[in-house]
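Colleague: Those sequence lines, one after another, are chains A and B. Residues in the first sequence are numbered consecutively from 1, following the working numbering. Residues in the second sequence are numbered consecutively from 1, following the working numbering.
It is possible that part of the hints are untrue.
If the Cβ cut is set under 7 Å, some of the chain A residues that face chain B in the computed set are [as the list claims (entries may be wrong)]:
hint: 1; residue: Val59
hint: 2; residue: Val60
hint: 3; residue: Trp62
hint: 4; residue: Leu114
Result set (BS3-like, lysine-lysine): computed pairs, CA atoms no more than 25 Å apart in a straight line [stated by the list, open to error]:
hint: 5; chain 1: B; residue 1: Lys130; chain 2: B; residue 2: Lys4
hint: 6; chain 1: B; residue 1: Lys4; chain 2: A; residue 2: Lys106
hint: 7; chain 1: A; residue 1: Lys111; chain 2: B; residue 2: Lys41
hint: 8; chain 1: A; residue 1: Lys48; chain 2: B; residue 2: Lys53
hint: 9; chain 1: A; residue 1: Lys111; chain 2: B; residue 2: Lys79
hint: 10; chain 1: A; residue 1: Lys209; chain 2: A; residue 2: Lys223
hint: 11; chain 1: A; residue 1: Lys168; chain 2: A; residue 2: Lys134
hint: 12; chain 1: B; residue 1: Lys53; chain 2: A; residue 2: Lys111
Simulated restraints, written as ranges between beta carbons of each label pair [stated by the list, open to error]:
hint: 13; chain 1: A; residue 1: Arg226; chain 2: B; residue 2: Gly113; range: 46 to 56 Å
hint: 14; chain 1: B; residue 1: Ala30; chain 2: A; residue 2: Thr115; range: 15 to 25 Å
hint: 15; chain 1: A; residue 1: Arg226; chain 2: B; residue 2: Lys4; range: 32 to 42 Å
hint: 16; chain 1: A; residue 1: Asp137; chain 2: B; residue 2: Gly101; range: 48 to 58 Å
hint: 17; chain 1: B; residue 1: Asp77; chain 2: A; residue 2: Arg248; range: 47 to 57 Å
hint: 18; chain 1: A; residue 1: Lys35; chain 2: B; residue 2: Lys79; range: 21 to 31 Å
hint: 19; chain 1: A; residue 1: Arg212; chain 2: B; residue 2: His122; range: 50 to 60 Å
hint: 20; chain 1: A; residue 1: Lys37; chain 2: B; residue 2: Glu17; range: 56 to 66 Å
hint: 21; chain 1: A; residue 1: Thr236; chain 2: B; residue 2: Gly101; range: 19 to 29 Å
hint: 22; chain 1: B; residue 1: Gly75; chain 2: A; residue 2: Phe90; range: 11 to 21 Å
hint: 23; chain 1: B; residue 1: Arg78; chain 2: A; residue 2: Lys16; range: 45 to 55 Å
hint: 24; chain 1: A; residue 1: Lys16; chain 2: B; residue 2: Phe132; range: 34 to 44 Å
hint: 25; chain 1: A; residue 1: Thr236; chain 2: B; residue 2: Gln13; range: 20 to 30 Å
Source of the hints: derived by calculation from the structure; they are not laboratory data. Ideal Cβ placement from N, Cα and C applies to all residues, glycine included.
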Amino acid sequence: MNVTIKSHNNARLNPKAQFNVSIRDIMNQRIERAKNKGEPIPAWREEKEFLRDPRANPVVAWPMHLYDCCPISDGASCVLLVADEIAKDFTDNPLHVVGIGQGSGKGLHAKEDLTYFEATRYAAQEAYELSGLKPEDVQIAEVHDCFSIAEIIHIEDLGFFKPGEGYKAVEEGLTRLDGSKPINTSGGLKCKGHPVGATGTGQLVEIWKQLRGEAGERQVPIKDLRIGAAQSLGGTGGTCTLTILERR
Amino acid sequence: MEGKPFNDISYEQFLGEEKLMGSRCQKCGALFVPPRAICIKCYGTEMEWVEMKGKGKLAAFTCIAIGPPLMIKEGYDRKHPYVSGVVELEEGVRVVARIEGVDGSKPETIEIGTPLQVEFLHRGEVNNSKTFLAFKPL
Numbered sequence: 001m002n003v004t005i006k007s008h009n010n011a012r013l014n015p016k017a018q019f020n021v022s023i024r025d026i027m028n029q030r031i032e033r034a035k036n037k038g039e040p041i042p043a044w045r046e047e048k049e050f051l052r053d054p055r056a057n058p059v060v061a062w063p064m065h066l067y068d069c070c071p072i073s074d075g076a077s078c079v080l081l082v083a084d085e086i087a088k089d090f091t092d093n094p095l096h097v098v099g100i101g102q103g104s105g106k107g108l109h110a111k112e113d114l115t116y117f118e119a120t121r122y123a124a125q126e127a128y129e130l131s132g133l134k135p136e137d138v139q140i141a142e143v144h145d146c147f148s149i150a151e152i153i154h155i156e157d158l159g160f161f162k163p164g165e166g167y168k169a170v171e172e173g174l175t176r177l178d179g180s181k182p183i184n185t186s187g188g189l190k191c192k193g194h195p196v197g198a199t200g201t202g203q204l205v206e207i208w209k210q211l212r213g214e215a216g217e218r219q220v221p222i223k224d225l226r227i228g229a230a231q232s233l234g235g236t237g238g239t240c241t242l243t244i245l246e247r248r
Numbered sequence: 001m002e003g004k005p006f007n008d009i010s011y012e013q014f015l016g017e018e019k020l021m022g023s024r025c026q027k028c029g030a031l032f033v034p035p036r037a038i039c040i041k042c043y044g045t046e047m048e049w050v051e052m053k054g055k056g057k058l059a060a061f062t063c064i065a066i067g068p069p070l071m072i073k074e075g076y077d078r079k080h081p082y083v084s085g086v087v088e089l090e091e092g093v094r095v096v097a098r099i100e101g102v103d104g105s106k107p108e109t110i111e112i113g114t115p116l117q118v119e120f121l122h123r124g125e126v127n128n129s130k131t132f133l134a135f136k137p138l
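Please take these sequences and the hints and turn them into a complete structure.
Modeller: If you want it as structure tokens, here you go:
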């Protein structure tokens, strides 16, 4: 629930998000609608009460509820990748790809352990080695939150938080826009949307905007923001990638 | 059996014959269900067919309330979710299967570790039939 509330709060500040409303906005709209229609007024006082109510947040595939699942969206994104030597021909303020990694893992059924993605861990190791950076050097990240639990698993697999402690980090607000490690500032797949083929580069576009200070209302307040990363996934975790961008 | 390629089509054909089959690497002994043609442990390519006993226990599950058209046709809906799970076979490998004989509308009554027995669900017409792998509590 904390991931969902956080992602909606971010998407509210992203005009290009499919759901650019907070959970509180949705909750208040529904209360308003019930009032106007003369229906019984729901007694939700805060977001979590709304999310716990099966009438507001029905089961899709237990234990996953509606607001745990990303939509399948229409959308497009693009990235212009050129050699360092000619980058200045296109922009005065380019970013550099300093690390990239890709890992493969077993299908969901064949995994010995369902609490991590070995493909994310491998991709992360590769990207960190290539860049000479550590997880703590990455200041912001977009991760593949196809479902809310996936965000928690990925922030552990990327080494941002210890295994089993990702949920606490989210609960304590560390992954919010104003936290020490903002995650999915765009709203993530959950709220920005998941136009499957455009999702991976879409994540890089968000990191591009943040590192260049062009993210508008959702710009993270980190001083000297230089390093961001995007982690993506395919085939229920069979393939994962991590791309690390740096502003020099 | 010897000539069948180690792929999903063969796997599904065997399911139609009420056989749960996997492939075993003749070099390192690793077992794969559904079968793989190449061993992901030692990259060996000499595989052999092995039939599973069809017993296992529930390793993970979900109760699906919003299903695809195929399942809606079978009568599953928001009020009657179906259960899909990961079953750990006695042979030590895990497979995805439908879980029958449990109440998908009461996930709290379904327990991880429940001993299960294989069941083959035949669907469709004679010339256009498909068999789905399922397990039910012993």
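Colleague: Determine for every hint whether it applies to the structure shown.
Modeller: Comparing the hints with the structure gives:
no.	hint	result
1	Val59	holds, 5 Å
2	Val60	holds, 5 Å
3	Trp62	holds, 4 Å
4	Leu114	holds, 6 Å
5	Lys130(B) - Lys4(B)	holds, 18 Å
6	Lys4(B) - Lys106(A)	holds, 24 Å
7	Lys111(A) - Lys41(B)	holds, 13 Å
8	Lys48(A) - Lys53(B)	violated, 46 Å
9	Lys111(A) - Lys79(B)	violated, 31 Å
10	Lys209(A) - Lys223(A)	holds, 15 Å
11	Lys168(A) - Lys134(A)	holds, 21 Å
12	Lys53(B) - Lys111(A)	holds, 21 Å
13	Arg226(A) - Gly113(B): 46 to 56 Å	holds, 48 Å
14	Ala30(B) - Thr115(A): 15 to 25 Å	holds, 23 Å
15	Arg226(A) - Lys4(B): 32 to 42 Å	violated, 56 Å
16	Asp137(A) - Gly101(B): 48 to 58 Å	holds, 52 Å
17	Asp77(B) - Arg248(A): 47 to 57 Å	holds, 56 Å
18	Lys35(A) - Lys79(B): 21 to 31 Å	holds, 29 Å
19	Arg212(A) - His122(B): 50 to 60 Å	holds, 59 Å
20	Lys37(A) - Glu17(B): 56 to 66 Å	holds, 57 Å
21	Thr236(A) - Gly101(B): 19 to 29 Å	holds, 26 Å
22	Gly75(B) - Phe90(A): 11 to 21 Å	violated, 58 Å
23	Arg78(B) - Lys16(A): 45 to 55 Å	violated, 32 Å
24	Lys16(A) - Phe132(B): 34 to 44 Å	holds, 41 Å
25	Thr236(A) - Gln13(B): 20 to 30 Å	holds, 25 Å
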